[in-house]
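Start from the sequences and build out the full structure, keeping to the hints where you can.
2 protein chains.
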Amino acid sequence: MARIVQKYGGSSVADAERIKNVARRIARARDQGNEVVVVVSAMGKTPDQLIALARQVNPSPKERELDLLLSTGEMVSIALVAMALDALGYQAISLTGAQAGIRTDSLYSRARILDIGPERVLQELRDGKIVIVAGFQGISEEMDITTLGRGGSDTTAVALAAALRADRCEIYTDVEGIYTADPRLVPEARKLPEIHYEEMLELASWGAKVMHNRSVELGAVYEVPIWVASSFTDAPGTLIHGGASIMEVRNKVRGIAHDRNVAKITVVGVPDRPGIAATLFEPLAEAGVSVDCIVQNASLNNITDLTFTVARADLERAMHLVEPVVQRINAVRCAADPNFAKVSIVGTGIQNAPGYAARMFRALFEAGINIELITTSEIRITCLIRDDAVDQAVQALHRAFELERPEE
Amino acid sequence: MARIVQKYGGSSVADAERIKNVARRIARARDQGNEVVVVVSAMGKTPDQLIALARQVNPSPKERELDLLLSTGEMVSIALVAMALDALGYQAISLTGAQAGIRTDSLYSRARILDIGPERVLQELRDGKIVIVAGFQGISEEMDITTLGRGGSDTTAVALAAALRADRCEIYTDVEGIYTADPRLVPEARKLPEIHYEEMLELASWGAKVMHNRSVELGAVYEVPIWVASSFTDAPGTLIHGGASIMEVRNKVRGIAHDRNVAKITVVGVPDRPGIAATLFEPLAEAGVSVDCIVQNASLNNITDLTFTVARADLERAMHLVEPVVQRINAVRCAADPNFAKVSIVGTGIQNAPGYAARMFRALFEAGINIELITTSEIRITCLIRDDAVDQAVQALHRAFELERPEE
Chain A
1 MARIVQKYGG SSVADAERIK NVARRIARAR DQGNEVVVVV SAMGKTPDQL IALARQVNPS
61 PKERELDLLL STGEMVSIAL VAMALDALGY QAISLTGAQA GIRTDSLYSR ARILDIGPER
121 VLQELRDGKI VIVAGFQGIS EEMDITTLGR GGSDTTAVAL AAALRADRCE IYTDVEGIYT
181 ADPRLVPEAR KLPEIHYEEM LELASWGAKV MHNRSVELGA VYEVPIWVAS SFTDAPGTLI
241 HGGASIMEVR NKVRGIAHDR NVAKITVVGV PDRPGIAATL FEPLAEAGVS VDCIVQNASL
301 NNITDLTFTV ARADLERAMH LVEPVVQRIN AVRCAADPNF AKVSIVGTGI QNAPGYAARM
361 FRALFEAGIN IELITTSEIR ITCLIRDDAV DQAVQALHRA FELERPEE
Chain B
409 MARIVQKYGG SSVADAERIK NVARRIARAR DQGNEVVVVV SAMGKTPDQL IALARQVNPS
469 PKERELDLLL STGEMVSIAL VAMALDALGY QAISLTGAQA GIRTDSLYSR ARILDIGPER
529 VLQELRDGKI VIVAGFQGIS EEMDITTLGR GGSDTTAVAL AAALRADRCE IYTDVEGIYT
589 ADPRLVPEAR KLPEIHYEEM LELASWGAKV MHNRSVELGA VYEVPIWVAS SFTDAPGTLI
649 HGGASIMEVR NKVRGIAHDR NVAKITVVGV PDRPGIAATL FEPLAEAGVS VDCIVQNASL
709 NNITDLTFTV ARADLERAMH LVEPVVQRIN AVRCAADPNF AKVSIVGTGI QNAPGYAARM
769 FRALFEAGIN IELITTSEIR ITCLIRDDAV DQAVQALHRA FELERPEE
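Same order as they appear, the protein sequences are chains A and B.
Numbers 1 to 408, taken from the numbering used here, label the letters of the first sequence in order.
Numbers 409 to 816, taken from the numbering used here, label the letters of the second sequence in order.
Don't read these hints as lab results, they were simulated from the structure.
Nothing false has been slipped in among the hints.
With a cut-off of at most 27 Å between alpha-carbon atoms, the simulated DSSO-like pairs for lysine-lysine come out as follows: (1) B:Lys-428 <-> B:Lys-537; (2) B:Lys-660 <-> B:Lys-599; (3) A:Lys-209 <-> A:Lys-252; (4) B:Lys-428 <-> B:Lys-453; (5) B:Lys-428 <-> A:Lys-45; (6) A:Lys-45 <-> B:Lys-453; (7) A:Lys-264 <-> A:Lys-209; (8) A:Lys-20 <-> B:Lys-453; (9) A:Lys-129 <-> A:Lys-20.
Rendered as structure tokens:
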């Protein structure tokens, strides 16, 4: 008997029929003799409808109240899933975030889980019940309801799996697993049977939208094997894990990530003296604008150009913050361009092996794509390109690294 | 500075515009220098929609899960009302039943309030906030969410008013107060400026649908003055109170109640011996069927007829329970008739004063209405009549007791 945590996203419980389908899948896991804990999100469009309702009474509602409002979406889902299981003849019980012991800090709308008191869940499992837990929500020390922000339900599932020492966490979603590239761009993209946490993190943070980084990180820290698969088919999914042996032997590109949501800011003619970078980036950090791909050209006569990227939605705000600094530091000017994208190759070991970077650059060159910036991590090489070249770039890289070929 | 508890029903918060209207009314009470606690119901059609959704996944859902599902309706309302007040520049905070300390037993769908721990509400009031509490819901000792059943939000409001030692409880609804009769039947019906708890209880239990008995009883026990008024107009409402002086001096019919939802069962040829009534009514009590208006004719040759009434919805179930008993006790037969109604005159002191009953019977007789049964309480006289005669009966009684004339 294994103990498993399953998670079903909003599209998997979008209406009564889908909820019944999910109940049948849960029942099957139970029939196989497992202890089953299920985390569910709010039904399909419910969060958007609730937010629209809130805006009708207050254009900028307080986050505490918005969190309570949104948390009702998952409460509706868990009650319905428990009822659907009951209709199939299975003993099930729904638990809100508070009842399941999901304790968080008080950062409304983006609360972090502090710890999980799994006593109630364990008691219900001992009583032979399937336990249905509301994702995305928790309770603060002040007994106020919080929500976990983006990727919240995945985070609930992985955190619960860790707290319950579950054998695995199964994330059911509307895709069949993790692919070597976005199948909408690359028809021959191949589903990966398994992938390392670190590789998944790079794929996720650089644009693969299947799972949020936060839950993958949590899985890595607590060594929870995460199984990603479709809630609509029975196709085998992808296992995200941390098997130590893989790290050593593997030396291969695992996937191509892309992110269209990139804007570039260039500060031209920056006096190259100590502290300039801090002066420039501190206001952005304080305003919560994430900056990445920072590149400083070699200094010529103590004058340099500084280029960095931000999310497209942050561009206007970033420019407002940067412009006064440009004046203050006596730089020449700053320029913004919203139409960029990133493409990355990801694979454990590629940074330490020769030839991957060169092969990437050549593939893009042969496809006629100009590289604006290059950044790298231990297991990733990223090129900044114009956003109208993304499809072509991903396809070219997928071919260049022969990702359609199954791994041995 | 007074401390008041206001309650707004589902139709008063049915959409964003009405919620904003409610927020303006709450703000006005605050502007007048009061400490304000507000209890709200779920938005208009939300409970029906949630129940319909539940039935799509399970025709007979478990009450525990249904309670959680329904409780989300009030959580949505409190968040929206708090947001609307915030938009007007008022400090407001929403509290779920659990957060407001509404502790109940575990009788899902019809939980009773065991006690209220008002610490959090008091703390928020001390912090200068308007406190918005979810009606209709509480939390059991096992930390499960319960709902209070019919009249639940009114009960929450009156119970909170008692626990907070509020100066009064204001129930805002879609009618302007308590009338001498249903204004849809009697156009000249008059709104009562005040009414005694006991009179209100008789009016409510015998068919006046403005407030549920449960909350009036609670108000009577804890001596909470209850103000009933419209949430859509500024017309003065009705004060339900227990001023001792009234009881002595008043000797007048205060209102006419009616209830169309009555079925009559007659057991014919019952051997008149001790224990027969218990044999007959015990199975009904055990099955939760409420029986009233029990009348036993004078016994002739130790054979009697026994007549009683039940709610129309309970008739079939009641007959199933009574028929086997009829055989067992050797009664002749039992007969059911669903088409009855009750009309009542209510007023403190009328039972002890001569002439009221006679005047009632004459008024009905002159209107050509046959009286099937008569029952009385300390402050009420009720006649069972055919249900097609209700309108005429209520109008005739209203005229006979000159209820359109203002009291001195």
